[in-house]
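Chains as they are written, first to last, in this note's numbering: chain A, 45 to 303; chain B, 45 to 303; chain C, 45 to 303; chain D, 22 to 281; chain E, 22 to 281; chain F, 22 to 281.
These are computed hints drawn from the structure, not numbers from a lab.
Stretch-level coverage of chain F by chain B, calculated; a stretch enters the list once three of its residues show a Cβ under 8 Å from a Cβ in chain B:
#1 50-61
#2 75-85
#3 92-105
#4 145-153
Once the Cα atoms are required to be at most 30 Å apart in a straight line, the calculated DSSO-like pairs of lysine-lysine come out as:
#5 E:Lys28 x A:Lys230
#6 F:Lys28 x C:Lys230
#7 A:Lys160 x E:Lys33
#8 D:Lys267 x A:Lys53
#9 C:Lys95 x E:Lys257
Every residue gets a Cβ at the ideal spot worked out from N, C-alpha and C, and that includes glycine.
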Amino acid sequence: MDNVTWDLKADKAVKLIKEGKRVDDRALDQYRAIEIKKNISENAEGSALVKLGGTEVVVGVKMVLGEPYPDMPNEGTISVGAELLPLASPVFEFGPPRPESIELARVVDRAVRESKALDFKDLCIEEGEKVWIVFIDLYALNDDGNLFDACSIATLSSLLETRIPKLEDGEIIKDEYSGKLKLSRKPLLCTFSKIAGKIVVDPVLIEEKAHDARFSLATTEDNYMCAFQKGGSGSLTESEIDQCIDTAFKCAKQIRKQL
Amino acid sequence: MDNVTWDLKADKAVKLIKEGKRVDDRALDQYRAIEIKKNISENAEGSALVKLGGTEVVVGVKMVLGEPYPDMPNEGTISVGAELLPLASPVFEFGPPRPESIELARVVDRAVRESKALDFKDLCIEEGEKVWIVFIDLYALNDDGNLFDACSIATLSSLLETRIPKLEDGEIIKDEYSGKLKLSRKPLLCTFSKIAGKIVVDPVLIEEKAHDARFSLATTEDNYMCAFQKGGSGSLTESEIDQCIDTAFKCAKQIRKQL
Amino acid sequence: MDNVTWDLKADKAVKLIKEGKRVDDRALDQYRAIEIKKNISENAEGSALVKLGGTEVVVGVKMVLGEPYPDMPNEGTISVGAELLPLASPVFEFGPPRPESIELARVVDRAVRESKALDFKDLCIEEGEKVWIVFIDLYALNDDGNLFDACSIATLSSLLETRIPKLEDGEIIKDEYSGKLKLSRKPLLCTFSKIAGKIVVDPVLIEEKAHDARFSLATTEDNYMCAFQKGGSGSLTESEIDQCIDTAFKCAKQIRKQL
Amino acid sequence: MAKKEEKIEYVKNGKRLDGRKVDESRSLKIEAGILNRADGSAYLEWGQNKVIAAVYGPREALPKHIQNPYKALVNYQYRMATFSVPDRKNPRPARREIEISKVCGEALEKVIFVEKFPNTTIDIFVEILDSNAGTRVAGLTAASIALADAGIPMRDLVAAIGVGKAGGEIILDLNKEEEDAPDAVDIPLAIMPRTEEIVLLQMDGLLTKEEWKKALKLGLKGCRQVYEIQRATLRKQYEAAEKEAKVGEKGEREKGEKVK
Amino acid sequence: MAKKEEKIEYVKNGKRLDGRKVDESRSLKIEAGILNRADGSAYLEWGQNKVIAAVYGPREALPKHIQNPYKALVNYQYRMATFSVPDRKNPRPARREIEISKVCGEALEKVIFVEKFPNTTIDIFVEILDSNAGTRVAGLTAASIALADAGIPMRDLVAAIGVGKAGGEIILDLNKEEEDAPDAVDIPLAIMPRTEEIVLLQMDGLLTKEEWKKALKLGLKGCRQVYEIQRATLRKQYEAAEKEAKVGEKGEREKGEKVK
Amino acid sequence: MAKKEEKIEYVKNGKRLDGRKVDESRSLKIEAGILNRADGSAYLEWGQNKVIAAVYGPREALPKHIQNPYKALVNYQYRMATFSVPDRKNPRPARREIEISKVCGEALEKVIFVEKFPNTTIDIFVEILDSNAGTRVAGLTAASIALADAGIPMRDLVAAIGVGKAGGEIILDLNKEEEDAPDAVDIPLAIMPRTEEIVLLQMDGLLTKEEWKKALKLGLKGCRQVYEIQRATLRKQYEAAEKEAKVGEKGEREKGEKVK
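The following block holds chain A by itself, in its conformation from the complex (with noise of 0.2 Å):
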């Protein structure tokens, strides 16, 4: 698509929010349809493939041995990476990562972290020598808007059915396992674009292109957020942020009945 037509269907965009519409039909407040595809790879401890709509992503989960950090000599960690794939959209590139997959994953990690659904303390194989790493890398395979929430969903995915490697002299034995990783929370991200003064949530592509801003938020079952991310250049008022919060609880809620 050229710029002209993009701009055009942005203003479209815009113009159908202004009346309360959106370009797919749905309301401003209902998320797309979900499809999850878990352990896409045989490979991978832990693994989803998620459909946001026309969105596409994929997950996956390595238990990777590790030292732990000085300071925490009894716990393992995360560690979140994200690739905008250029098979998922005409402007991404391959190279270093750049500031927008550096957010992605730093937001999808928060997500995780901060929710203290893992217990980093149930990492630790040895105190002060030997603890778990989980890698979790993020792909983009088609961006059709919000790869926020689709890597979020595909992590909480992942993560709920990843095999702990069995370990032999504290080395890892191929294809053998002992147990799930534990989750004590099932935190999820939920993102909304401000346009033209109204909030929608879920937004694909050619909202995010026609967006002020950007609000990112996760939530869990039991009432709690976890991870705010403001993007983009415009501003919010207390009071948009007040309706993110509702609407994210709300469609999470959704989102984890079909985990």
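Please build the complex by placing chains B, C, D, E and F on the supplied structure of chain A, with the hints as guidance.
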């Protein structure tokens, strides 16, 4: 040389080959003269400078102490790198390795590795703890075509001369050696260009520019092939490959006499 | 400032120097005023902000635990890095270190290292196992010429204040210290520009732009020279170097009083 | 953790370790047109291997100085997801991935009418999501379908498969276990099926000329089988597009036009 | 070296560990125009945090293909000096620094009249020289003054502060010790003070909606205090410039002109 | 593995550890025009040091924005082969190599008529194949011959040598063993021999002014000896080219033309 001159020269090379002739009066299956200068670097454990017609490369071997891979606790390994130095050609540039130099290094690596000329178990010093890593570094000094074979000849020449540093308490004693590396085979690459439907061995640069496809294969003195690599956008037929195989065995036999 | 303005200013600087004068009314062998602010960072083991006329730099020292080099098992070391921050000049950019910043860091490093002001054996904690690495990081904040000397003064100021972290069981105890780094000499760089055949000390930026050659030398209070570095495309004569040597000893003596 | 040294029989009573015959490939499924941003795409499962391929282009080659005024550039990028292998892969492209990208791009250049699109680039991205030996031929097979899905004019498809040796036997489509045999030989092979010209050929391991002749014969047979599955995939997609086009004559025709 | 597990009372008798009240920020000092190469600059001390900010631009955006014909690009670069943290930081920009640079640049874009300077870039560089929690809001507060010092037309300043939770209490301007609390919540917040619109908002940690409402109220109050100090800084600089201009009518007026 | 601490006598009865006198350099051989792709080249052996130098240019400087409309850029790249040192060098350019490249390029800029070739670059590549102290001066000496071989107009050659101190003695052309002396001083020096102007000067180690005067005198003498060998090399090559030109008047004259 400007592009127009290159094109004219390439056209001439093609025209000649159609008539069964070559720009430097060789037969289609005739190799260029080879000059080998061994042990050109005292700091290297083994080294050689090779001239293949106008093409010139230097290869050096360093024996470095390292840890074995966890799944190969009693094996050392080799590591081959290639630099297309900008002094070798106006089109080479400094910078991170480009696909051309990576392919060159990997094909030379495979010729050595897959021939099993080196028994990686011989490179083990202490199981699971300490092994030799044989670093083989290739440098192009003057590119007049067929860097693959020039590097392969220089690599084999270097390895045949490579001294193993003497160890005391697990550390290298400078300038003392405990014998030479054992090679049970002498693998050599032989590279062909397909031009105007004909196969020529050991192409000069202008023939490489004019070729449709490149084909390299490594052979051993005991009648094995241990590596193939097809390059270029052209195709090969079964009979063309057969012709390459026969010529490769013949040429490698001749070259081995010079080592 | 645009290029034309620069060229005019540079022409003026040259014209003045021919008459034995300078753009800021200094004598040819006169240093600018120096302002030193020590311990500007509590998190650094030592630090200083130095203003040399309009030039401003900050240097911080971190003491880090590391392993000794195998051939120097009972010695720690120093490591100097320099960043020409883009806030210091419109021509500086973020990115991998460029030759200018590498030269700056290495010349400052040599002035310290070669003076033997620091006894690297003092930095050994456990032979062959654990040593201090003294990381000295230079940041240019405002480039109005002669970053070399500004960084050298800030480095010496920082080192003179550097506290050694207290150790318990081989680990650093936060916010506790066991004395200061010992310095047996106070090496200082003194930098000159050769312009229109004359030698000026401590050049301002516009003089640097106009110069043919740069010459830096480090001196100690006990009449040693410990580092030379000639830069720029011009040449130097023996008598010009003699003149630099004498002025350098004189200026460094003055500067040492301010430390 | 020492490598198992005991003697394994790789073929016993005509059956391989996973029950296949020597000339039997693992099950192969291909689906075209699965991503909507890309100009063409394909998803492929080949045994445990899972591959996504996407094509963008022909589009203007940038920066301008890389443009070729006589033909399109073919830019092939093969990458493995970090979790697609038993030990997590570093996200940075490995030398292996760069080499594979180079030879696969050269293999495809032969079939694309590159001379029709001067100054452009045709970008082909292949991502491996799960792996068990043979991912480069799987990627090439998928990429070929993605190119067709993108409507890029081609002389032929490219059909690819691995062939080689394990335990002294010449076998088709080696899996990881077979590739790890002490005497393993691995030969990735790709052809233009109509003429059986070879566009990709690599080999690792000790092989005699006789073994090579046998392996090539088996490989060509394998490629022909792959080609049949590729053609069936495109036929199915074309029929679906036709149907769709009839249902909504004035509707979204892009997809249908692509495969014509 | 294990993390201390004993229970700490983060607020006792209305006082925090460092003696502050729950709604009290650390002492804040800002100075404008401290570097002469940059078009605008500021030095800021906020508790232990020490920050230098400099602005270059609007200047031509290069390479040309990044230029936006409708507005200036806002390029914000936040970096920490290697020695500004307890454990030496690697000099290469960390992912954390890149993320902070992104969100802070977006926060400032709202207040700058970017539409007045098409095809240009406004580069804002923030260097942290010493740190103790809250450096991103310190940087943003300093950058806002550096922009004013550079004479870049703005709708408003941006005032920023951290707010959050430690030991169950909602508190303003957390220090490192508080940020390390087991239940710590950190909320960097920045607003345009005139309208109290929020331009930067992040949050880490477990927070209820009620706590959020309370934290926001406290944060807005903190931002207003920061704004007063920012205004006093600019007023002081303006007055100094006025005076200088009168003293030397024909003298160097650059500095004075900048803040008009 | 501790460094030997015993006292070594670096000069005994007027002889150094390798038998040389204090003012004696190691044997030096230079050959010009050894590579055919480069516009100019040289091979040099200096004791154990082995160096290849090549020159390309003047050629258009790219990208265009680096071009200088008043003069040619001099781009000098000094690199050590991984195997040229006792412990394998990482292939990536080290900071040492980058610094040496900078100062050597600046040294050569003085002798080249750069003003004759605006908007171009003259690229000088120096590769160290084996080393034993003194490679930067060896590289510069070789590069100077490669420039002459390329036919690039120069005011003079650049002749270079190391001088310094070991065991309290001022000596010429230090080898590795001498450079490792506890009191070692190393002074790489390069001059334009006709005027004896100094174009390269560095120094490491503790040196008094008196020692410097003595060292410089010795170094200048060494440079003059290097210059004689450089001139002999070029004379020999010129004569060979003359001869060749006569033998085949209509033949390949390129080589001969270069050195005129």
